[in-house]
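**Q** Chain residues, written in single-letter form:
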Amino acid sequence: MSMIVRTHIQKFTLSLTTVLLVASSMSALAAASEAEFKAAYAAAEAANKEAGSLRNQWTTTTAALAAAKKAADAGDFDQAVASSREAEALAKASIFQATSEKEAWKAIEIR
Amino acid sequence: MRSAIHSASAAVALAAAVAITAVTPAAAAETPDPAADARAFQKFFTEKFPKVKLQDFVNGPYSMNADMHRQWEEKEQFPPYDFSLEAGKEMFAKPFKNGKSYADCFPNQGIGIRQNYPYFDEKEGKVVTLELALNRCREGNGEAPFSYLKDEMAALTAYMAFTSRGKPFDIKIPNDPRALEAYENGKRYFYTRRGQLNFSCASCHVQNPGERIRAEVLAPALGILNAMPIYRSEWGGMGTISRRFTTCNSQIRGVPLEPQADEYRDVEYYLSYLSNGLPISGPGARP
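Chains A and B are the protein sequences, given in the same order.
Each residue of the first sequence is one higher than the one before, counting from 1 in the working numbering.
Each residue of the second sequence is one higher than the one before, counting from 112 in the working numbering.
Note that these hints are calculated values from the structure, not bench results.
Hints may be right or wrong, so weigh each one.
To be verified - No farther apart than 30 Å at their CA atoms in a straight line, the calculated lysine-lysine pairs in the DSS-like style are these:
#, chain 1, residue 1, chain 2, residue 2
1, B, LYS283, B, LYS234
2, B, LYS154, A, LYS106
3, A, LYS102, B, LYS159
4, B, LYS261, B, LYS283
5, B, LYS208, A, LYS49
6, A, LYS102, B, LYS208
7, B, LYS211, B, LYS234
8, A, LYS106, B, LYS164
9, B, LYS261, B, LYS278
10, B, LYS283, B, LYS159
11, A, LYS102, B, LYS154
12, B, LYS154, B, LYS283
13, B, LYS208, B, LYS234
14, A, LYS106, B, LYS237
15, B, LYS237, B, LYS164
16, B, LYS162, A, LYS106
17, A, LYS106, B, LYS208
18, B, LYS159, A, LYS106
19, B, LYS283, A, LYS102
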């Protein structure tokens with residue numbers, strides 16, 4: 001093997017190692033933590049509580065909150081955060097619905 | 112001068128007349144008028160289904176077409192609610208531990224009075240349904256309340272409805288602003304969209320009665336409570352008005368309220384009032 005080829009192989013190996021190291025450290029950074037789950041879950045719960053005060057909770061919000069808790073209990077915080085965010089979005093949609101319906105219901109009343 | 116005053120007065124009078132004309136319909140629309148609501152509601156359904164007699168709306172989906180009506184006639188020969196009705200009759204007659212009975216809690220010993228429920232209780236300032244009155248009767252006599260959804264409560268209300276069969280709904284709104292408010296709250300609940308599917312009670316039972324939702328034919332809102340409680344094949348058993356309201360909510364992906372929540376009591380008041388004049392036909396059977 002020529003000197004030039006050997007140098008190329010060494011350089012390639014080094015670069016590959018660097019890429020793998022960087023990728024692995026990035027993946028560690030991307031994984032959700034328990035703290036992130038707790039924050040996302042609390043936000044979802046607060047929004048669902050507000051929907052409750054408007055007497056308009058959705059079953060799908062309850063299901064997403066339960067899924068978040070289950071994933072967190074299993075240590076899957078990526079899934080737990082995703083389900084919490086879904087629950088928050090659903091709860092916010094139910095709040096929007098209850099708020100807009102305060103007047104909108106009149107449009108279909110039989111008179 | 113006089114002519115100018117006359118012109119000015121005429122202009123003011125005209126402006127006032129225009130203002131009154133412009134304001135009156137809006138103001139009238141905001142003033143609750145339950146009697147006008149009931150007339151408009153019954154007119155809506157009789158015009159939508161010109162072949163259905165007013166009294167037949169109490170048969171729900173079975174009033175919607177000839178095939179369904181034939182099914183109902185056959186079902187009524189051996190009605191699936193019979194066991195519950197018999198059980199309810201026995202339960203009603205059986206005294207409580209203190210020797211009193213349901214008959215002691217109701218006018219006319221509880222016989223033939225279903226058509227007067229729900230009523231507005233001016234002392235409490237709230238609507239009282241028959242299911243609520245039955246549990247209050249039990250608790251007042253030292254007995255544990257029943258579940259509002261099925262079994263014993265369905266049996267008791269089945270028997271009480273049976274003793275009122277043919278009697279027209281006669282729901283009163285007393286001259287009490289709180290009663291009118293309860294009626295208006297019931298109306299708002301009925302028309303308000305909720306749940307992830309964004310349905311109101313009216314989405315199915317005003318806008319789409321007679322249409323299918325999956326395998327079910329949707330019942331018209333007019334007369335929908337006259338047949339309660341009902342045996343539903345889908346439930347595989349009897350269900351009360353509370354069961355009907357809570358399951359409607361969960362079917363549209365809304366979290367149901369607790370049975371006999373103020374909202375449910377008010378919507379029962381509203382719907383029953385709109386069906387005034389239509390006969391009690393409960394207990395009923397539905398697909």
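**Q** So, for every hint listed, does it hold in this structure?
**A** Hints, verified against the model:
1. Restraint check for B:LYS283 and B:LYS234: satisfied, since their Cα atoms lie roughly 15 Å apart, inside the 30 Å limit.
2. Our distance criterion of 30 Å between C-alpha atoms is met by B:LYS154 and A:LYS106, whose separation comes to about 18 Å.
3. In summary, the hint linking A:LYS102 to B:LYS159 is supported, as the alpha carbons are separated by about 28 Å, within the 30 Å threshold.
4. A C-alpha spacing of about 27 Å is found between B:LYS261 and B:LYS283, which places the hinted pair at or below 30 Å, so the restraint holds.
5. For a cut-off of 30 Å, the pair hint linking B:LYS208 to A:LYS49 is broken: about 43 Å separates their Cα positions.
6. A distance of roughly 48 Å separates the Cα atoms of A:LYS102 and B:LYS208; the hinted pair therefore is violated under the 30 Å criterion.
7. Between B:LYS211 and B:LYS234 the alpha-carbon distance is near 24 Å, which keeps this suggested pair within the 30 Å criterion.
8. Straight-line distance between C-alpha atoms of A:LYS106 and B:LYS164 comes to about 28 Å, which keeps the hinted pair within the 30 Å bound.
9. Among the hinted pairs, B:LYS261 with B:LYS278 is consistent with the structure: their alpha-carbon atoms are about 24 Å apart, no more than 30 Å.
10. Using a Cα cut-off of 30 Å, the hinted pair B:LYS283 and B:LYS159 holds, with the two alpha carbons roughly 27 Å apart.
11. For the hint linking A:LYS102 to B:LYS154, the alpha-carbon distance of about 26 Å falls within 30 Å, and the restraint holds.
12. At roughly 20 Å between alpha-carbon atoms, B:LYS154 and B:LYS283 fall within 30 Å of each other, so this suggested pair holds.
13. A C-alpha spacing of about 28 Å is found between B:LYS208 and B:LYS234, which places the hinted pair at or below 30 Å, so the restraint holds.
14. Restraint check for A:LYS106 and B:LYS237: satisfied, since their Cα atoms lie roughly 24 Å apart, inside the 30 Å limit.
15. Among the hinted pairs, B:LYS237 with B:LYS164 is inconsistent with the structure: their alpha-carbon atoms are about 33 Å apart, more than 30 Å.
16. For a cut-off of 30 Å, the pair hint linking B:LYS162 to A:LYS106 stands: about 29 Å separates their Cα positions.
17. At most 30 Å may separate the alpha-carbon atoms for a hinted pair to count; A:LYS106 and B:LYS208 exceed this at roughly 50 Å.
18. At roughly 20 Å between alpha-carbon atoms, B:LYS159 and A:LYS106 fall within 30 Å of each other, so this suggested pair holds.
19. A threshold of 30 Å between alpha carbons decides the hint, and for B:LYS283 with A:LYS102 the separation of about 27 Å falls inside it, so the pair holds.
Comparing the model with each earlier hint shows violations of hints 5, 6, 15, 17; every other hint is respected.
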